[in-house]
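Student: Chain by chain, the residues run as shown.
2 protein chains.
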Amino acid sequence: MEVVKTRYVGFCFGVRRAVELCLKEKASAKGTLYTLGPLIHNEQVVERLKALGIIVEEAAERIEEGTVVLRTHGIRKEEELVLRKKGLRILDATCPLVKRVREHAISLRQEGYKVVIVGREDHPEVKSVLSYLDNDAIVLSQYERIRGRRIGLVAQTTEELGKFANIAKRLIEEGYEVRVFNTVCMVTRLRQREAREISKQVDLVLVLGGKASSNTDKLYNVAKNENPCSYKIETKADIEPEWFKGKRKVGLIAGTSTPGEVVEEVARVVKSL
Amino acid sequence: MEVVKTRYVGFCFGVRRAVELCLKEKASAKGTLYTLGPLIHNEQVVERLKALGIIVEEAAERIEEGTVVLRTHGIRKEEELVLRKKGLRILDATCPLVKRVREHAISLRQEGYKVVIVGREDHPEVKSVLSYLDNDAIVLSQYERIRGRRIGLVAQTTEELGKFANIAKRLIEEGYEVRVFNTVCMVTRLRQREAREISKQVDLVLVLGGKASSNTDKLYNVAKNENPCSYKIETKADIEPEWFKGKRKVGLIAGTSTPGEVVEEVARVVKSL
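Residue numbers (the working numbering), protein chains in the order written: chain V, 1 to 273; chain U, 1 to 273.
There's no promise every hint is true.
As the list makes no split between identical chains, a pair holds if one copy fits it or if it spans any two.
To be verified - DSBU-like mimics (lysine-lysine), calculated; alpha carbons at most 30 Å apart, straight line:
(1) 26 with 114
(2) 30 with 271
(3) 127 with 249
(4) 99 with 114
(5) 200 with 99
(6) 245 with 114
(7) 163 with 114
(8) 247 with 50
(9) 85 with 236
(10) 236 with 77
(11) 249 with 50
(12) 249 with 86
(13) 5 with 114
(14) 211 with 85
(15) 271 with 26
These are calculated hints, taken from the structure and not from any lab test.
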């Protein structure tokens with residue numbers, strides 16, 4: 001089987017930064033090391049961290065000692081307050097681009113804009129941003145009529161750029177005063193663009209990434225739109241040989257929290273089919 | 001011939017306000033009454049004002065006494081300064097919606113945005129807005145790469161809404177911070193929408209308006225897009241009977257500075273064909 005592999009193999013900057021922060025801390029730490037929620041949306045990587053003795057804890061209230069790493073997607077303001085009150089050591093692995101969404105949103109709100117976040121309500125990044133706005137914001141996944149005239153618009157970093165821009169366009173057409181910070185992260189944009197290109201050239205697309213990974217879902221949507229023969233998988237174990245009957249050219253695309261090794265392994269398996 | 005007539009017969013609010021201001025002043029004025037440039041973009045109306053003794057003067061420098069009416073599209077800042085210096089009486093007939101463009105643009109510039117005006121560089125409204133920004137702004141009629149990261153976007157009041165929103169969308173996609181005031185005037189939007197609807201239903205479209213009228217040009221573009229059999233005329237004198245051969249249903253659309261009588265006259269002529 002011929003394989004067209006993504007140029008973006010390996011972690012994005014925010015994920016790499018978070019994983020390295022964790023590993024470095026673990027190597028030198030005295031006390032217990034926790035991550036509040038899974039550090040990134042990749043089960044294999046999280047399992048590897050667990051194997052090193054790093055504990056994934058879902059509730060800030062249950063951590064009583066040691067060091068806590070804040071996950072890449074950001075945590076909720078209330079959780080941060082609990083950790084600070086307890087005087088725990090905190091390492092912030094929140095992706096700086098996620099923090100940018102939060103900062104823009106906070107300043108928009110302070111300047112009197114009704115903040116609108118384009119994204120998924122149930123995504124930890126959106127939950128985090130919302131909490132730092134005291135939940136005084138609207139989350140949209142498609143255009144809706146909104147109360148208020150002055151809209152401050154930001155996007156979940158992994159949002160589809162076209163969707164975000166279309167919602168902005170519609171708000172402008174409807175006559176709102178709109179102030180827009182395009183916070184879709186550059187890597188997400190480049191990967192989505194590449195996913196579109198690769199999907200057009202091949203007979204079948206494999207999109208590699210964690211089940212909970214939002215940016216992988218978006219890549220899968222982009223791929224599926226161009227090529228109905230698109231499959232989302234986590235590891236080589238998810239590959240089903242019958243998908244490849246009558247196919248010659250396979251595209252490999254990966255989310256930002258998919259380790260490079262996973263991509264290379266899958267590539268090897270597919271080539272041998 | 002069957003006629004489908006625009007619901008928007010007669011002057012828009014800004015044009016009516018300007019013409020009434022002029023007539024009222026003429027009825028009570030002592031000295032000479034000037035308009036700086038043609039009051040509105042309709043030659044017939046301007047001729048009627050001239051017949052009442054109102055003088056159309058193109059150069060502020062040449063006016064030495066009396067009262068000066070500022071045209072609906074706004075005048076240039078330098079012209080206003082000349083008039084004020086001379087201590088002339090000034091009546092401001094600038095459309096309040098045009099002033100809104102100017103005010104938003106000025107405050108955007110003060111707040112550090114690079115101001116972008118979507119519109120026609122040679123239109124008096126755009127020239128007026130530009131002058132009040134000391135020409136420190138960019139005029140676009142289509143998307144272009146721009147220096148600077150923070151863009152303050154406004155539209156000529158008679159701009160096509162779809163075009164304006166598409167330029168905004170493109171700027172957002174390219175990653176600029178964009179603050180948008182949709183200053184396309186509501187009447188312009190409603191007339192454009194109606195022009196689209198009427199043009200679809202008929203065999204032939206007549207778009208009535210002044211030769212220099214920008215909003216009439218836009219209506220004509222909208223009509224022509226839907227119906228290749230579209231003609232722009234100023235008065236019934238421009239009608240050519242052979243256009244109507246084999247046609248049964250005619251749409252009548254009018255710009256915001258076209259007097260109601262002109263629409264009614266044209267309707268009468270077309271019905272009798």
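Student: Would you list, in rising numerical order, the hints stated earlier that this structure does not obey?
Tutor: Failing hints, ascending: 1, 2, 3, 5, 6, 8, 9, 10, 11, 12, 13, 14 and 15.
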